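Keeping their order, the protein sequence lines are chains L and B. Start counting the first sequence at 378; every next residue gets the next number (my numbering). Start counting the second sequence at 5; every next residue gets the next number (my numbering).
Calculated from the structure, these hints are not laboratory results. All of these numbers come straight from a predicted model, not from anything done at the bench.
Derived Cβ-Cβ restraints for the label pairs, each shown as a range:
1) B/P156 with L/K568: 49 to 59 Å
2) L/Y558 with B/G146: 46 to 56 Å
3) L/R776 with B/S167: 38 to 48 Å
4) B/S167 with L/H442: 29 to 39 Å
5) B/I10 with L/E773: 50 to 60 Å
6) B/D120 with L/S387: 21 to 31 Å
7) B/S167 with L/Y588: 34 to 44 Å
8) B/D81 with L/G411: 54 to 64 Å
9) L/K581 with B/D25: 48 to 58 Å
10) B/S11 with L/S387: 48 to 58 Å
Straight line, CA to CA, 20 Å or less: simulated EDC-like cross-link-like pairs of lysine to aspartate or glutamate:
11) B/K164 with L/E712
12) B/K43 with L/E468
13) B/K41 with L/E470
14) L/K675 with L/E468
Covered stretches of chain B, as calculated for chain L (at least 3 residues, CB under 8 Å):
15) 64–71
16) 125–135
For every residue, glycine included, the Cβ atom is placed at its ideal position computed from N, Cα and C.
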Amino acid sequence: MSEDGKKKASYNVPIGPIHPALKEPCLFNFKMNGEVVEEADFAPGQAHRAIEWMGMRRNPVQIVHLTDRICGICGVSHTLTFARCVEQIAEIEVPERGHYVRTIIAEYERIQSHLLWAGVAAHELGFDTLFHLCWRIREESMDVIEYLTGNRVNYAIIQVGGVRRDFTEDQFPRIEKSLKYYEDLVGKMLKLFLEDKTISLRSKDCGVLSYDDALQLCCVGPTTRASGVNMDVRQDAPYAAYGDIDVTAVLPDVYGGGINGDVYDRIVVRLFEVVQSVGIIRQCLDQMPVGEVLWEKKYPKILAACKKAVGEASASVEAPRGECFHYVRMNGKPEPEAWKVKASTYSNQLAWLKMVTGEQLADLPIIVASIDPCMSCTDRVAVVRNGKRDVLTKEELHRLSVEKTRRLMQ
Amino acid sequence: MTKNVISPQQVADTLTQKFGDGISKLTIKEWAEGSKKTKTYSIWVYLDRSLLKDAIRHIASLDFPHLSVISGVDCGDHIDLLYQMSIFFGMKNSEIKLALVVPVPKDDLTIPTISDIIPGAAYGEREKQEMLGVEVVNIPDGRRLFLPADFPEGVYPWRKDESGITPDMVKELYKVGRPTDRPVPVVKPKEKKKPVKKETPAKEKTPAGENVVPEPVAEEKPEVKNDE
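Pulled out of the complex, with its shape left as it was, chain L reads as follows (with noise of 0.2 Å):
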């Protein structure tokens, strides 16, 4: 059959709109020859809900909440982002400390966020012992977050002009314990995902990015770092606390296996960034400041400052999986005139197109979840699902990609 190539013909698998890699949905086509990837497509937009379209129907004081839902897991980084744009447009000053809450809380969802990562990709490569340790590990700093914030998910700390509620004093051994506790657990982590063989024979030269694509395609967090673009917004344009702290953007290397841009390189980015993120508390907690947390306590006060506001302003904060930026324009009004939210897997979506050709079939679930894609943040529009599609299930894809692990292993 293969001599006559011309006759060869190739075919297509669509996945999804359910996710192959993860809960959330997303539409594949992909053009098989055999059991390679020709070439690839997708349709996002599976999970559109009108976020940016209510938020210009709304004041920023509650579109701060609203920002909380627009990701169940970085739900931080979109309060802290439209937070910081709308305060340069009103001349918001922000406490002192309010700025070290702030970094301490993105921190934690950090290390949740890569940590759930973890599991995820041993999951998808049948490695689920793994998968199990890493979601306990996960849940430390859950209760930590839920601790200080109230909350596990949908924090609702931020506020415009600063955070809603402080650090006591009792709470700042609770915060060294979960400190301590990852610490510890650090040097197990390493050994576990990067010594391990079967994660090693399934994530190396796997699913590569290059340099000039990573450049070219705008990628960011993780996904551009493993493939050696220096960008990080914590370092490039601090903000928040980071300005007073030592952040520089994690690149593969730190391992000293190079730069391959493959999926192993970003469980390398993502494992050391924990680490990172764990630094970086403990560089807050010995700078903290003493003081307010909050611009003025009256949320009428902050809403008619708001409601004066009249210009634009864009902002950035390195969200675990990457760049999540906000762009407001302001006319004098309660609701604003403009808001664009861009989500990090926005910027990390064309970069599966490059990734997934030439690849197998059962290599697809780790390479689509090694970006990390988190679809609710990246489609916001109303939706409405239509007809039936042929579809691989995720169980089906999942269970191809553990008998390759199996095959590899034997």
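Following the hints, put chain B in place on chain L, whose structure we already have.
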């Protein structure tokens, strides 16, 4: 990999030098956060549409930009497209944010594609086509991005004029109510609380005891009465 970093003022100068009259407004904004008040800069350039590609090429010659997003605002008679990017990233506090604001008149809603210079821009351009109705000339992939296939043609969600979302397209979820073709939920309406409320005045009826007996005991009393 060292970059030739120049100050925001110098970037602005090179832009005004090169494009002169094509720039209708240029502002450099400064913002500082944290205890050390670390300053970050953003340059906002209001630019003529015909100069967009040249401007992007010029910026790319300084440093290949990271295009964050293309935003768009419906301003009535024209649409502002904002090409928001950053340059000089990769070092501590060296990044400069750049926003190229390009007004596009509504009677001629076209804009050249920049995806030949920045391939990643194609994604944002597809979004602008479907959300604002701006035609991106020579776009490599003109399909819809986020909107579903059955979304009506000629409706652009970000527009504020008659081609935007009309009120009849908006579903007010709180008004929808329960679907009529499904069985009624088995949960009984909450009526149990009412008799409890009737008991509470009974508690109040024994105020004489309150002075002598502490409250918890006072609560127990009506229960005993009920048992009897």
